[in-house]
Amino acid sequence: MAKDDKTLKDDEALLEAISPIVNELIDRNYINSKDKIAAQIAPLIGSAIRVQIKSQKDEVVDALYPVMGNMISRYVAKTFQEMLESINKQIQEGLSFRVIKRKIQAKIRGVSETELLLSQNANSNIRALLLIHKESGIVLAHAQNPLAPINEPEMLASMMSAIKSFINDWIEKNQEHKELGEIEFGGNKITIEDAGYSYFAIITDGPLYANSHKKIRKVLESIVVEHGDSIREFHGDLSSFSNMTIYKKISYLLKSESLKQESSKKIHPFLFLLPLILVFFIAWSWYEANKDAKLLTEVKQKLYTTPQITSYRIDALLDSNIISLRGEVPSKFHKDLAESKVSEILGVHGVKNELIIINIADDPMQISSNISYLLQGFNLSYNSNISYTYNYPKVELKGRVSSESSKAKLLASLKKIDGVKEIKDEIEVVLEDIKTTIYFDKASSEIKDSEMDKLIELASLLKTQESKFFIAIDGYSDSSGSSEMNKKLAISRAKEVEHFLKNRALVSQTLKAQGRDELPLELGIDKDSQEARCVIISWKK
Amino acid sequence: MFAYKVVMVGDFATGKTSLIKRFVDNSFSEEYLSSIGVSISKKVLGNSTMMLWDIEGRTEFKPIFKQYLNGAKGFIIVADLTRKNTIESIQEHIKTSLSVVSDAPICIALNKSDIKSDFSVNIEQIKGLSANIISVFKTSALSGDAVEDLFKQLNAKIIKEIAC
Ligand SMILES: Nc1nc2c(ncn2[C@@H]2O[C@H](COP(=O)(O)OP(=O)(O)OP(=O)(O)O)[C@@H](O)[C@H]2O)c(=O)[nH]1
Ligand SMILES: [Mg+2]
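Line by line, the protein sequences give chains Z and U. The numbering used here numbers the first residue of the first sequence as 1 and each following residue consecutively. The numbering used here numbers the first residue of the second sequence as 1001 and each following residue consecutively.
Because the hints were derived from the structure by calculation, they are not lab data. C-beta atoms are modelled at their ideal positions from N, C-alpha and C, and glycine is treated no differently. Any given hint could turn out to be false.
[Claimed, not checked] Chain U regions said to be covered by chain Z (calculated; three or more residues, Cβ under 8 Å):
(1) 1001-1008
(2) 1027-1038
(3) 1045-1057
(4) 1062-1071
[Unchecked claim] Here are the simulated lysine-lysine pairs, BS3-like style, with alpha carbons at most 30 Å apart:
(5) U:K1021 - Z:K463
(6) U:K1084 - Z:K189
(7) U:K1043 - Z:K502
(8) Z:K463 - U:K1157
(9) U:K1138 - Z:K502
(10) Z:K454 - U:K1062
(11) Z:K248 - U:K1043
(12) U:K1116 - Z:K488
(13) Z:K189 - U:K1043
(14) U:K1021 - Z:K502
(15) U:K1066 - Z:K463
(16) Z:K468 - Z:K442
(17) Z:K468 - U:K1084
(18) Z:K502 - U:K1062
(19) Z:K409 - U:K1043
(20) Z:K409 - U:K1084
(21) U:K1062 - U:K1138
(22) U:K1127 - Z:K463
(23) U:K1042 - Z:K248
(24) Z:K468 - U:K1066
(25) U:K1084 - Z:K495
(26) Z:K463 - U:K1042
(27) Z:K448 - U:K1042
(28) Z:K249 - U:K1066
(29) U:K1116 - Z:K540
(30) U:K1043 - Z:K249
(31) U:K1138 - Z:K468
(32) U:K1062 - Z:K415
(33) Z:K435 - Z:K488
(34) Z:K512 - U:K1116
[As the list claims (entries may be wrong)] A few chain Z positions that, by computed beta-carbon distances, are all more than 10 Å from chain U:
(35) D237
(36) D292
(37) H334
(38) K512
Throw the hints in and build the complete structure from the sequences for me.
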């Protein structure tokens, strides 16, 4: 322990010395070459600590995390800033009603307009945070949003650790010094924040806010500082974690996140007074000359100033005093409210309500990507090529599978996807053609090497087929020699093939081997030819 | 409250997936679907949560992917009583497992005990392969024979070790 302490202190001193240099390096070099940065940081840190630590990489990261985290976040912040700038430009270029609305909202909420745009676009939302023991994939602590919980966090954590080790192994082999940073599936994103013996997995719908990322890193930092030892020594006993401050810290992250979102919805109506005047004024000066546009503006204003629907994007179109409403709202309540508010407006003669009700579980994009994800897996493991078209809320499936049971499995799993309401399947069940003929030498029932390949191929095909079916193994012989002898040969050839399939290839279907006198006529094989010495394998009907 | 990881190791088609299915779902299927990569199941036993990692079985062409064994608190090595070579592989699987986690307890499952086999196995000899072996079971995922015992005994041993 004493030795470790010393190691740690030395590292800290070193880091204190190098971190300003590193930070400056980042700043200076960022402009010139982004790619080189990683290459420059690595050796710098590397040579500083290589002296003491060779194999204990995790320990180092743990010790350095508080400093490293900052360096990395600086780098990320730079990249992020660029993105923000490009979005800012977009904002300045496009002037529309929505832009003004957003500008005002930004003012009210006191956040940067760009960030607001980001949040509107991505509807970012942390669903859960898991603190995971790196080596075993066990969840040390977790917290989740009760409004959108995730199933089985323990399974997710284990699965992620498996994916991580698989990918990191691949990266190591390819000699790149990177760790897996994020995984995306469906509309969900899992961001991974690594810290030595543990890592954070943050599950969000869409990307993580920049400032939440910062906060998360802070919390992880403090967890590592305070509980690093018990994390390193974790052997499976969770009791040392359950009553610790870790949970509080994590759930605080989640809370501040959801609070922020809620408070944004619950702005006091009074606060709208100021933006209202502003909107009105701008709208009025823009559209004064155009009456239709004026009516439209009024409609949009109404939509905007009705607090329950302020935050949804509703488009209004005007055609000879009839207003069409388009967009997505979460419930019938919102849909009706929008219609009634708009129809109150003087000059509106009718409302065509084309709003679509979408709750979170029913987001068609989400459903579609879930279906696609499922099908990819299915097609891969059953070697099939089922395709789908998704017309909300109906899924149509086309393609072929080779067994009823795999089809049933697919349909059952599809039904489990939230939001899939109607499945129309045109999946055909087609048994693979397995017909195989094995030829034998004269008076022999030994399987020749040249024929063995065919049997192996057949066996691997049979492994993909259902085991409930029966397989006929029919043995034949040519006409030379006594008929007694030929009967025996026919049967022992069939038995030989049966033995191979059953005991060596471990085929699971039921096999029926028998000797036969007459070759099937339709094959047109001459009873005297060498082709008559054969075994034919086929599905038994 | 305990939570830990256990990995099923063994040759292909020995019944790793089937044993887990029997233990977790109490079900069995004749159908052989060779596992790809890894799949994970969870079983709560008293106040401990066992995360079961079912990995792809070893074949002639593909060794076990060692990274999946990291951080395990115990291993279950599965062999097929009707295929002699899978029993001969046990020794190598022990070696692989212990090379990743040297002090982990191991249970051996000699599976498919419901099928009559044409050779006999020496249980004592298998038990003697390593000091880490705590028990050797003749199991059947089909009938359920000794399956509960297999997992529960490993759980008991692991909990004991964690608690100390
Ligand atoms: N009779 C009998 N059959 C079994 C038993 N356990 C498994 N099987 C069968 O053996 C075959 C292989 O079982 P799996 O559980 O898929 O084997 P696995 O070890 O997971 O195989 P891989 O994933 O390829 O490594 C399947 O057809 C099972 O039905 C058993 O106890 N008795
Ligand atoms: Mg398997």
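Structure-based check of each hint:
1. 1001-1008: The restraint on the region 1001-1008 of chain U holds, since 5 of its residues have a Cβ under 8 Å from chain Z and three suffice.
2. 1027-1038: Held - the region 1027-1038 of chain U has 8 residues with a Cβ nearer than 8 Å to chain Z, which meets the minimum of three.
3. 1045-1057: holds (count 4)
4. 1062-1071: holds (count 5)
5. U:K1021 - Z:K463: holds (20 Å)
6. U:K1084 - Z:K189: Violated - the C-alpha atoms of K189 (chain Z) and K1084 (chain U) are around 46 Å apart, more than 30 Å.
7. U:K1043 - Z:K502: violated (35 Å)
8. Z:K463 - U:K1157: violated (38 Å)
9. U:K1138 - Z:K502: Distance ~23 Å between K1138 (chain U) and K502 (chain Z) Cα, so the pair holds.
10. Z:K454 - U:K1062: With a Cα-Cα distance of about 23 Å, the restraint between K454 (chain Z) and K1062 (chain U) holds, given a limit of 30 Å.
11. Z:K248 - U:K1043: holds (27 Å)
12. U:K1116 - Z:K488: holds (29 Å)
13. Z:K189 - U:K1043: Cα-Cα ~27 Å, so holds.
14. U:K1021 - Z:K502: This hinted pair holds, its Cα atoms lying about 25 Å apart.
15. U:K1066 - Z:K463: holds (27 Å)
16. Z:K468 - Z:K442: violated (35 Å)
17. Z:K468 - U:K1084: holds (27 Å)
18. Z:K502 - U:K1062: Holds, at about 24 Å.
19. Z:K409 - U:K1043: holds (23 Å)
20. Z:K409 - U:K1084: Distance of about 34 Å is beyond 30 Å: violated.
21. U:K1062 - U:K1138: Holds: K1062 (chain U) and K1138 (chain U) sit about 26 Å apart, inside 30 Å.
22. U:K1127 - Z:K463: Roughly 34 Å between the alpha carbons, so the hint for K1127 (chain U) and K463 (chain Z) is violated.
23. U:K1042 - Z:K248: Answer holds: K1042 (chain U) to K248 (chain Z) is near 26 Å, not above 30 Å.
24. Z:K468 - U:K1066: violated (36 Å)
25. U:K1084 - Z:K495: At roughly 23 Å apart (the allowed maximum being 30 Å), K495 (chain Z) and K1084 (chain U) satisfy the hint.
26. Z:K463 - U:K1042: holds (28 Å)
27. Z:K448 - U:K1042: violated (48 Å)
28. Z:K249 - U:K1066: Cα-Cα ~34 Å, so violated.
29. U:K1116 - Z:K540: Given pair K1116 (chain U), K540 (chain Z) holds - Cα atoms ~27 Å apart, limit 30 Å.
30. U:K1043 - Z:K249: holds (28 Å)
31. U:K1138 - Z:K468: holds (27 Å)
32. U:K1062 - Z:K415: Not OK: K1062 (chain U) and K415 (chain Z) at ~35 Å, beyond 30 Å, violated.
33. Z:K435 - Z:K488: Distance of about 23 Å is within 30 Å: holds.
34. Z:K512 - U:K1116: Roughly 21 Å between the alpha carbons, so the hint for K512 (chain Z) and K1116 (chain U) holds.
35. D237: The claim breaks: D237 (chain Z) does not keep its Cβ more than 10 Å from every Cβ of chain U (closest is about 5 Å).
36. D292: holds (60 Å)
37. H334: Holds, because the least Cβ-Cβ distance between H334 (chain Z) and chain U comes to about 39 Å, which exceeds 10 Å.
38. K512: At about 18 Å from chain U, K512 (chain Z) clears the 10 Å cut-off, so the statement holds.
This entry does not satisfy hints 6, 7, 8, 16, 20, 22, 24, 27, 28, 32 and 35, going by the numbered hints stated previously.
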